[in-house]
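Just so you know, the sequences run in chain order C and B.
The opening residue of the first sequence carries number 1 in my numbering; numbering runs sequentially from there.
The opening residue of the second sequence carries number 495 in my numbering; numbering runs sequentially from there.
Worth flagging that the hints you see were computed from the coordinates, not collected in a lab.
Only a predicted model underlies this, so the values are computations on that prediction, with no experimental measurement involved.
In this text, a Cβ means the ideal position worked out from N, Cα and C, and glycines have one as well.
You may find that some hints are simply not true.
[To be verified] Which bits of chain B does chain C cover? Going by a derived footprint, with three or more residues having C-beta under 8 angstroms, they are: (1) 507–516; (2) 530–540; (3) 566–575.
The primary structure of each chain is shown beneath.
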Amino acid sequence: MEIIERSAAQIAREVNARSLSARDVTEAVLARIDAVEGEIGSYVSVLHEHARAAAARVDERVDAGESLPLAGVPLAVKDNMCLVGTRTTAGSKMLEHWRAPYTATAVQRLLDAGCVPVGKANMDEFAMGSSCENSALGVTRNPYDLTRVPGGSSGGSAAAVAAFEAAIGMGSDTGGSIREPAAFCNLVGFKPTYGRISRYGLIAFASSLDQIGPLTRTVEDAALAYDVMAGKDPMDATSIDRAVEPTATHLRTDLSGMKVGLVKQFGTSELGGEIDAVYRKAYQDLQALGAELVEVELPTADYGLATYYLIAPAECSSNLARFDGVRYGMRVDGADVHDMYEKTRAAGFGPEVKRRILIGTYALSSGYYDAYYVRAQKARTLIARDFERAFAQCDLIACPAASSPAFQFNAKSDPYSMYLMDYYTIPMSLAGLPALSVPCGWTTPAGADRPMPLGLQLTAPLFKERDVLAAAHAYEQKTQHAAAHKPAIATVGA
Amino acid sequence: MSSEKIDVRYVAKLARIALTDDEVERFGAQLGDLLEHVNALSKLDVSQVAATAQVVESRNVERVDETRPCLDRETVLEEAPQRQGGFFRVPRIIAE
Chain C
1 MEIIERSAAQ
11 IAREVNARSL
21 SARDVTEAVL
31 ARIDAVEGEI
41 GSYVSVLHEH
51 ARAAAARVDE
61 RVDAGESLPL
71 AGVPLAVKDN
81 MCLVGTRTTA
91 GSKMLEHWRA
101 PYTATAVQRL
111 LDAGCVPVGK
121 ANMDEFAMGS
131 SCENSALGVT
141 RNPYDLTRVP
151 GGSSGGSAAA
161 VAAFEAAIGM
171 GSDTGGSIRE
181 PAAFCNLVGF
191 KPTYGRISRY
201 GLIAFASSLD
211 QIGPLTRTVE
221 DAALAYDVMA
231 GKDPMDATSI
241 DRAVEPTATH
251 LRTDLSGMKV
261 GLVKQFGTSE
271 LGGEIDAVYR
281 KAYQDLQALG
291 AELVEVELPT
301 ADYGLATYYL
311 IAPAECSSNL
321 ARFDGVRYGM
331 RVDGADVHDM
341 YEKTRAAGFG
351 PEVKRRILIG
361 TYALSSGYYD
371 AYYVRAQKAR
381 TLIARDFERA
391 FAQCDLIACP
401 AASSPAFQFN
411 AKSDPYSMYL
421 MDYYTIPMSL
431 AGLPALSVPC
441 GWTTPAGADR
451 PMPLGLQLTA
461 PLFKERDVLA
471 AAHAYEQKTQ
481 HAAAHKPAIA
491 TVGA
Chain B
495 MSSEKIDVRY
505 VAKLARIALT
515 DDEVERFGAQ
525 LGDLLEHVNA
535 LSKLDVSQVA
545 ATAQVVESRN
555 VERVDETRPC
565 LDRETVLEEA
575 PQRQGGFFRV
585 PRIIAE
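Next comes chain B alone, as it looks inside the complex:
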């Protein structure tokens, strides 16, 4: 495990969260503190251990592929921050 400092700005970019300078400093210190605590895990010998993703036995679930009722478009679009006709409106994604 690494004990190097988190590059908070880089991680925030990955997470798509704009941070203020104050937040970068505060979160950097707090996350560094937390990482020191979680680094305790390096003391565990897990070389022969399988990873657990889900504790209760689970298998892939299938259903019959047939149409069935779902939320109608109007209900969904009513909650949209911005819409245009039957679509979600977002800022331009492809450059002109």
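The shape of chain C in the complex, shown without the other chains:
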């Protein structure tokens, strides 16, 4: 297998065994990036020199006898995460030229574990979007069909890993921004429990929901990356002070003894015949692996979108107040300081960011706070309680990861139709639960000439990351759906 196609686990094994150098891996991946970036556009910045220097340090450490869990593994860092000295844009004109003065904790932990950062990945502006089309800094295409979106907001990270331009992609997930692009790009995408991974150095969108996680080609790689990133960080007061159970050493190949809940409210028949059949088969496969299937109810899950589109914009309107042209980022001069703020924010933010700031400001404004924001927070309580009740009957919940396969560019011009893509992922985010998308089959959309991947979402109670990854591994090993089709781009190794 070509170097660039190898899993993170395999690369780390070989680099630690010194049968392959981090330098060789890095050169192979940089060559791949140079060959396909014109078609895919995964990255806002490619870090040629940074990567070479990091690879040299990894080789030195390995030569000195260290064994690193992710030795030499090429890493795509979503461009809302700080890496010192590199441009960190959040996909926005506002930060187009901003260089991070420090490194995010999650990034640093991966670097310490031997990862080599090869690029900063494109994303929907400030992580607001489900297709990457809201990036102000470039177009990212789905490696499985260049006429389709890679999903979002972590679309650049997803496209990079799917196109063999990295082995691990770092994503952030607020309402589905890791799981939906993973489903669209035939990847594993894992959002751990809220607070499991430090948000220090992650440019904030909605602070009570944002969570960092990996996008990878295998479940084992997601587990390896999670094990490295998870754990308390004194720099993030909301990071959880609780022992992290290692997951990569506890992956399973069967599901005996596990109860998997199928959500009564999440029927798949309306997703279309072929897609419905994929999910029905996926549930049968879980059963064939030894799981007992039970029906569970999430009666308030249908209110997830409404709840989310008050809470997330409210938090974003507050978080993005910091972009005012004073201390960093863009400034547009004005007649006085207020004029400067208004002109800077008018020029720096794209339409979706403005819409969300406006709705959030409205929901928090005098006279509407109780009617909108507080009511949404109460609805959030009900949604979390629904999950608690459901998990009294099962260990995991299985459902789709997205409402459709990857769609074509400009297909969702109405904002609400884009929001609907995250119908299945938002309830888990509101409840803070660990949830993962794993490839579960293929469907050929109407008018398309090639099949597109679909994702199965597995969700566990708070802190049960090990169960999610263990079960996803068993399912992946049995079904091998990801291997059924190759990306549509230039032949590997050509």
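Chain C is already provided as a structure; the job is to place chain B on it using the hints.
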């Protein structure tokens, strides 16, 4: 919950974003549409429900109050849109 139209200009003023007339019209319609969707929440009985701000149990976190390294002034000011000496430069705030 209210179904009245959003005064987009007023909200944009609160949010410190200058909008064009075209944006006022477009965002007004789109936000009105979104509000209709979120108004579905009025169907939920939340009279006996506590609000959730954070889903994972959390408590106030303290650390020892002692000096420790932080970003130095020069590093921070390098990213400033405009600076003067050791300060951020901004338009005059207090009238003459």
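Going through the hints against the structure:
{"no.": "1", "hint": "507–516", "in the structure": "holds (count 6)"}
{"no.": "2", "hint": "530–540", "in the structure": "holds (count 8)"}
{"no.": "3", "hint": "566–575", "in the structure": "holds (count 6)"}
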